[in-house]
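Sequences and hints are given; from them, build the entire structure.
Heads up: the sequence lines are chains F and D, in that order.
According to our numbering, the first sequence is numbered sequentially starting from 1.
According to our numbering, the second sequence is numbered sequentially starting from 368.
It is worth saying that the hints were derived from the structure and are not from the lab.
Accuracy of the hints is not assured; some may be wrong.
[To be verified] No farther apart than 27 Å at their CA atoms in a straight line, the calculated lysine-lysine pairs in the BS3-like style are these:
1) Lys-570/D to Lys-10/F
2) Lys-572/D to Lys-199/F
3) Lys-737/D to Lys-19/F
4) Lys-544/D to Lys-93/F
5) Lys-90/F to Lys-544/D
6) Lys-429/D to Lys-587/D
7) Lys-447/D to Lys-343/F
8) Lys-460/D to Lys-10/F
9) Lys-66/F to Lys-93/F
10) Lys-429/D to Lys-447/D
11) Lys-113/F to Lys-66/F
12) Lys-570/D to Lys-199/F
13) Lys-377/D to Lys-199/F
14) Lys-572/D to Lys-586/D
15) Lys-169/F to Lys-10/F
16) Lys-361/F to Lys-386/D
17) Lys-586/D to Lys-429/D
18) Lys-169/F to Lys-460/D
19) Lys-361/F to Lys-199/F
20) Lys-213/F to Lys-90/F
21) Lys-19/F to Lys-377/D
22) Lys-736/D to Lys-19/F
The lines below spell out each chain.
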Amino acid sequence: MKQLLTFLTKEFHHILRDKRSLLVLLGLPIVQLLIFGFAITPEVRMANIAILDNAKDETTRLIIHKIENSKYFDIDRTLIKNEQVEKAFKTGKIKAAIVFQQNFQNELMHANKAQVQIIADATDPNQAATLINYASAIIMDYQAGLNQQNKLPYTITTETRMLYNPQLKGAYTSVPGVMGMILLLISAMMTSISIVKEKELGTMEILLVSPMKPWLVIISKVIPYFIISLVNVATILILSVFVLGLPIQGSLLLLIVSTVLYIFCALSFGILISTISDTQQAAMLISLLGLMLPVVMLSGYAFPIANMPFILQVLSNFVPAKWYIIIVKGVMIKGIGMEQIWKELLILLAMTVFFLMISIKRFKIRL
Amino acid sequence: MRTLLFLLRKEFLQIFRNKLILRMIFALPVIQLILLPNAATYEVKNITFSVVDHDHSEYSRKLINEFTASGYFQLNDYSKSYDQALDQVEKDKTDLIVEIPAGFERELIRQNESMIFFAANAISGQTAGLAVAYANSIIRDYSNNIRAEWISMPRLSAIPTIEITSSNWFNPQMNYKKFIVPGVLALLVTLVGFLMSSLNIVKEKEIGTIEQLNVSPIKKYQFILSKLIPFWFLGLMVLSIGFVISFIMYGLYPVGSFWVGYLFAGIYLIALLGFGLLTSIYAETQQQAMFIAYFFMLIFILLGGLFSPIENMPDWAQYLTYVNPVRYLIEAMRMLVLKGSSFWDLRYHFLIITAFAFVFNGLAIWNYKKTV
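Next up, the structure:
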């Protein structure tokens, strides 16, 4: 026990001495959480569009006015010719264009039918679809205003309740995702690097010939980072609740217990990486190049897992962040308890044990 | 010049000596480029829904049929009560609850008006918004059909109607992969280039070999160039392999000119590697460099416009993206590959990225001290 304490003191000295790393380790989650909590919102705001008004009559003027007043579109008035619009699409200046036919008002009033075309830049199909939806809704709304006098029979009205997140805040999706990502990447990176560093610099030999048991050496390396992760969790939770306005509907204790388990999982994954790599660079490549995109894309944070092809749905099960994100969403936002998330907790536990077993098997006492 | 060649030889030898790293910087991007773009789909087509039908009438059954036949929705279950359906939402089994009140059919026929109640799991606001929009359009069609059944059509078409048509340029099939592949490729090239360069000089510092370089007659710019060129080649190789894979796997090849693409990527890599080397010079240990690299990479990636469009961010975040080199690469790649933009269309991108290249490399040369 005394040996362990001595080793721990050594590790803490190492960490506390390096102020810059410590600053990054503790400050980084704060910056990231704030940027992503505020910057990444699902709603579309202010897309630049062009309007080709071939009619220039009262009706089109009213519709354009309506479009201008919506919070979604910013009309670029300088674009008035077909060729200009094409060019503006290519340089990325506008995301959509709305084209009114000639004699719009006449056609609408006398033939009861007038045409408007919405052209969207479908490089981003998702955004294109949203913009088309918004623009159509505005035009339909104008039309409904015209037809108000004759109310339609057999109308079904709908009432909608947005569960858990009535204001549709983006933070409700991004915070659990960012938590899953930051904790996993930082923990895995920190432990793998700090172990591999001793290998690379040759000091590992000194540690291994000391009377400490090898696994105690590893434990003493992991504990300080575990504590740093706990500090991070505390700041993340405080910021989420008090700055980003997220609720903690369920039990705080359950949330903390599952987070601790998740950190263990990430730390043991870090140990596993350290047994595979000999240089810090290799450890970094695995933990950043190898993990960053898969964690972002397969954890259900950026894209819903249900829509993925089967193989990727299977693969996503191996990403610990996926399970943690489900737990955080459940406990924080939905307020569900142990009986609904025990399966996810069990999976995280199993992963932790699995990572540790492989690491122990691969761990070499001799270099 | 000869000095530079010797230095380059040293760097290349060191890179090719470490087989594990060499394998990783090619294998990891290849695997990810093959697999990950398939994960990226916002197409919402499998929205699961639970029905709470208190009416059990012919009309309510028809309505449920409309939902299942639409292609967007998948029936999860018939729940007996709202609470039971809510339980399904809590278990993540269902995304949308459709509650049909008792007397739905009677009121619709007799009073011309009836009500439907939706509740959507809105943790992901985007999915919820789409689900409700689809559901509403189904209801609209449904009541139009009833109207057509009960009223003769002519009266309806007498109402002035604006016909809205829409067309999707550059990607008419709305293929999301076309959008995501150039972006993922841009990110992978960035990760490889930045991670390799940011650890390089600091490694020499940590191991102590930097002192040998410092005492040898090498100019500062020669030193930086010798560190930059090998990774520049590696980056372009990863990019080329990426282009081949995007063609084989996704049938994607640039509509615009390849040369403009390479020119842009070439300048971009100089800028990026300059930033990496600057990190490397600034950091005292590899560990520090790594954390700094991690910090910038994650922000660059998430504020690069790959996953969430930059236009949707608040103003302050949009300003931040102006100093994010990754943003320009992702944009340029998309414009080249999908829209076939020309060099002239991309002139601002070229201008900005060239400025980045000068600033970062200038700072790197300036900050590199030949003393310890």
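Results of checking the hints against the structure:
The suggested pairing of Lys-570/D with Lys-10/F holds, with an alpha-carbon distance near 23 Å, which does not exceed 27 Å. Of the supplied pair hints, the one linking Lys-572/D and Lys-199/F holds, its CA atoms being roughly 16 Å apart against a limit of 27 Å. Straight-line distance between C-alpha atoms of Lys-737/D and Lys-19/F comes to about 24 Å, which keeps the hinted pair within the 27 Å bound. Restraint check: the Cα-Cα separation between Lys-544/D and Lys-93/F comes to about 22 Å, which is no more than 27 Å; the hinted pair holds.
With a C-alpha separation of about 20 Å, the suggested pair Lys-90/F and Lys-544/D falls inside the 27 Å cut-off, and the hint holds. With a CA separation close to 77 Å, the supplied pair Lys-429/D and Lys-587/D exceeds the 27 Å bound. For the suggested pair Lys-447/D and Lys-343/F, the alpha carbons sit about 26 Å apart, so the restraint of at most 27 Å is met. For the hint pairing Lys-460/D with Lys-10/F, the CA-to-CA distance comes to about 49 Å; that exceeds 27 Å, so the pair is violated.
A distance of roughly 22 Å separates the Cα atoms of Lys-66/F and Lys-93/F; the hinted pair therefore holds under the 27 Å criterion. Distance restraint check for Lys-429/D and Lys-447/D: the Cα-Cα separation of roughly 18 Å lies within the 27 Å cut-off, and the hinted pair is therefore satisfied. The suggested pairing of Lys-113/F with Lys-66/F holds, with an alpha-carbon distance near 20 Å, which does not exceed 27 Å. At roughly 14 Å between alpha-carbon atoms, Lys-570/D and Lys-199/F fall within 27 Å of each other, so this suggested pair holds.
Distance check on the hinted pair: Lys-377/D and Lys-199/F sit about 23 Å apart at the alpha-carbon level, within 27 Å; holds. Proximity of Lys-572/D to Lys-586/D is assessed by CA-CA distance (about 18 Å); at most 27 Å being required, the pair is judged to hold. A hinted pair counts as satisfied when its Cα atoms are at most 27 Å apart, and Lys-169/F with Lys-10/F does not qualify at roughly 45 Å. Restraint check: the Cα-Cα separation between Lys-361/F and Lys-386/D comes to about 23 Å, which is no more than 27 Å; the hinted pair holds.
Distance restraint check for Lys-586/D and Lys-429/D: the Cα-Cα separation of roughly 80 Å exceeds the 27 Å cut-off, and the hinted pair is therefore not satisfied. With a CA separation close to 22 Å, the supplied pair Lys-169/F and Lys-460/D stays within the 27 Å bound. Of the supplied pair hints, the one linking Lys-361/F and Lys-199/F holds, its CA atoms being roughly 18 Å apart against a limit of 27 Å. With a C-alpha separation of about 64 Å, the suggested pair Lys-213/F and Lys-90/F falls outside the 27 Å cut-off, and the hint is violated.
Simply put, Lys-19/F and Lys-377/D have alpha-carbon atoms about 33 Å apart, too far for the 27 Å limit, and the pair is violated. For the given pair, Lys-736/D sits about 22 Å from Lys-19/F by alpha-carbon distance, which is consistent with the 27 Å threshold.
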